[in-house]
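Participant: Chains as they are written, first to last, in the numbering used here: chain R, 80 to 321; chain P, 80 to 321.
Calculated from the structure, these hints are not laboratory results. Don't take each hint at face value.
[Said to hold, decoys possible] BS3-like cross-link-like pairs, simulated, lysine-lysine; straight-line CA separation at most 30 Å:
1. K309(P) - K275(P)
2. K275(R) - K303(R)
3. K175(P) - K174(R)
4. K195(R) - K290(R)
5. K290(P) - K195(P)
6. K174(P) - K275(R)
7. K195(P) - K288(P)
8. K288(R) - K113(R)
9. K174(P) - K195(P)
10. K309(R) - K288(R)
11. K195(P) - K303(P)
12. K309(R) - K174(P)
13. K174(R) - K290(P)
14. K174(P) - K175(R)
15. K275(R) - K309(P)
16. K309(R) - K175(P)
17. K195(R) - K303(R)
18. K290(R) - K303(R)
19. K303(R) - K288(R)
20. K288(P) - K113(P)
21. K288(P) - K309(P)
[What the hints assert, rightly or not] Counterexamples of contact, computed for chain R against chain P with all Cβ distances above 12 Å:
22. E142
23. T147
24. E248
25. Q249
26. T251
27. L252
28. D264
29. R297
30. K303
31. S306
[Claimed, not checked] Label pairs and their calculated CB-CB ranges:
32. S177(P) - R201(R): 44 to 50 Å
33. K174(P) - K309(R): 50 to 56 Å
34. G157(R) - R201(P): 48 to 54 Å
35. N269(R) - K303(P): 50 to 56 Å
36. S177(P) - N271(R): 53 to 59 Å
Quantities reported herein were computed from a predicted structural model and do not represent experimental measurements. All residues carry an ideal CB built from backbone N, CA and C; glycine is no exception.
Protein chains: 2
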Amino acid sequence: MSQFEQLYLDTAFLEPSGANFEVNLEFVVFQVSKRDLKVLTLPAGHSPFEGDLSLPMRRLGMEGLNSTGHTYISQELGIDSLVHLEQITAYTGSKKNSPVRQLNMLLLGLAGRIPKATRRQRGSFTPLTEISSGLGSMSTHDQHMILLAREFLSSLIQNTTVATLLCPEQFTLGTLRRVYECVWDTPLDNANFRRKILGTDGFVEFVSKAKQQNKQGRPSHLYKSGSLDKLNPSFQRPPFST
Amino acid sequence: MSQFEQLYLDTAFLEPSGANFEVNLEFVVFQVSKRDLKVLTLPAGHSPFEGDLSLPMRRLGMEGLNSTGHTYISQELGIDSLVHLEQITAYTGSKKNSPVRQLNMLLLGLAGRIPKATRRQRGSFTPLTEISSGLGSMSTHDQHMILLAREFLSSLIQNTTVATLLCPEQFTLGTLRRVYECVWDTPLDNANFRRKILGTDGFVEFVSKAKQQNKQGRPSHLYKSGSLDKLNPSFQRPPFST
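Model the full assembly from the supplied sequences, consistent with the hints where possible.
Facilitator: So, in structure tokens, the structure goes:
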């Protein structure tokens, strides 16, 4: 038996108790800028999808799941402001015309708001409105993943203070409110919102008065993220408007 | 080049874009009976762990992740009362002395309370107190997974009505309270508990008065699960007692 023959037989023999899965990480990385909820997209390279947008995806290799996720987004795609990465769900599937099974892990990422993207950034943050209106074409699968991730994020900002990470380092309550409004896609009452935030110890921390004045001619107050993580009671999300 | 040589080269060449993972599902299936939180265990078969307990674990094959989980627990292990199965988290690792990478998915299962286990049931529900006291020996890894799953369940019953699934089909509020007490490992005030449950529309639904009388000589009321899923505001979990 040749060396190759032995090696092949070893490989074939190992298969039933060996590796049969390819594991991929799919990323929905959200960013809020001004009044837009945006998602990190890459150009979908292959014909017939040239010109389309796609979600970032990375095959899992020798590194761990979470470290691969961080490294891919921060270093390979050059997103400097990744502040949160969390598993949403995993699902299995098969490749067309291949015996290889696939396990895909959907991850939620949050990118903070930074003044300007660095040069080394690949991909771009595309407003969800552009995707839903068909301006940026994207596969049904990717659009479905964005819906799942947005629903996950909607619950997350109900139960935690993570929305503050989608603000600049120092922010007004108006800025924080617009994050909630963008993610939930619904307007919120300003007075109720202020009462909820300021009435929850540790949600935000007062920093200083802003230099700019607000519409009422008073200087806005600037805040930063507080020490609180989980909200209890959770933030009441308004019912969907029809 | 021989046929085997070609096959081996094909295999080797495919590897970088082929399967390199073995995917395993690990299960922490909880059941509450009377005043005990229990977890589904199997005998750890292999020497030197003979006599030890282990968590159920199943390698993922051609079937999907969730259907494999349900089939394994319900049919292969014969647990008739599985009422809930949910992904907790996934993590990666390597096998000793093997190039095969592993992705393990930890799943939370809940088993309802049934009068008697059927004959076809494999494994048994072991009280957590037996494991923590060292009566039932278990690997550090499995004990860690149980801790993770219990913490996950603790949050879940804060934010959802899923605790009712751990009761018999019809139950008193005392029974439901003992589920919360078991999972959180802390006593709860009876009057506050009743107020919270009965004050939340759809948490439970009144069925009838029980035949037995309670300590005060009044018949207990029997309830079943209501239509509500998520709790808002969430159920306040008491701080850990020291």
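Participant: Each hint: holds or not?
Facilitator: We went through each hint and held it up to the structure:
no., hint, result
1, K309(P) - K275(P), "holds (14 Å)"
2, K275(R) - K303(R), "holds (16 Å)"
3, K175(P) - K174(R), "holds (29 Å)"
4, K195(R) - K290(R), "holds (22 Å)"
5, K290(P) - K195(P), "holds (22 Å)"
6, K174(P) - K275(R), "violated (50 Å)"
7, K195(P) - K288(P), "holds (24 Å)"
8, K288(R) - K113(R), "holds (20 Å)"
9, K174(P) - K195(P), "violated (39 Å)"
10, K309(R) - K288(R), "holds (27 Å)"
11, K195(P) - K303(P), "holds (20 Å)"
12, K309(R) - K174(P), "violated (36 Å)"
13, K174(R) - K290(P), "violated (59 Å)"
14, K174(P) - K175(R), "holds (29 Å)"
15, K275(R) - K309(P), "holds (20 Å)"
16, K309(R) - K175(P), "violated (39 Å)"
17, K195(R) - K303(R), "holds (20 Å)"
18, K290(R) - K303(R), "holds (16 Å)"
19, K303(R) - K288(R), "holds (12 Å)"
20, K288(P) - K113(P), "holds (20 Å)"
21, K288(P) - K309(P), "holds (27 Å)"
22, E142, "violated (8 Å)"
23, T147, "violated (8 Å)"
24, E248, "holds (29 Å)"
25, Q249, "holds (30 Å)"
26, T251, "holds (27 Å)"
27, L252, "holds (22 Å)"
28, D264, "holds (19 Å)"
29, R297, "holds (32 Å)"
30, K303, "holds (26 Å)"
31, S306, "holds (17 Å)"
32, S177(P) - R201(R): 44 to 50 Å, "violated (34 Å)"
33, K174(P) - K309(R): 50 to 56 Å, "violated (36 Å)"
34, G157(R) - R201(P): 48 to 54 Å, "holds (51 Å)"
35, N269(R) - K303(P): 50 to 56 Å, "violated (42 Å)"
36, S177(P) - N271(R): 53 to 59 Å, "holds (57 Å)"
Against the hints set out earlier in the document, violations occur for numbers 6, 9, 12, 13, 16, 22, 23, 32, 33 and 35.
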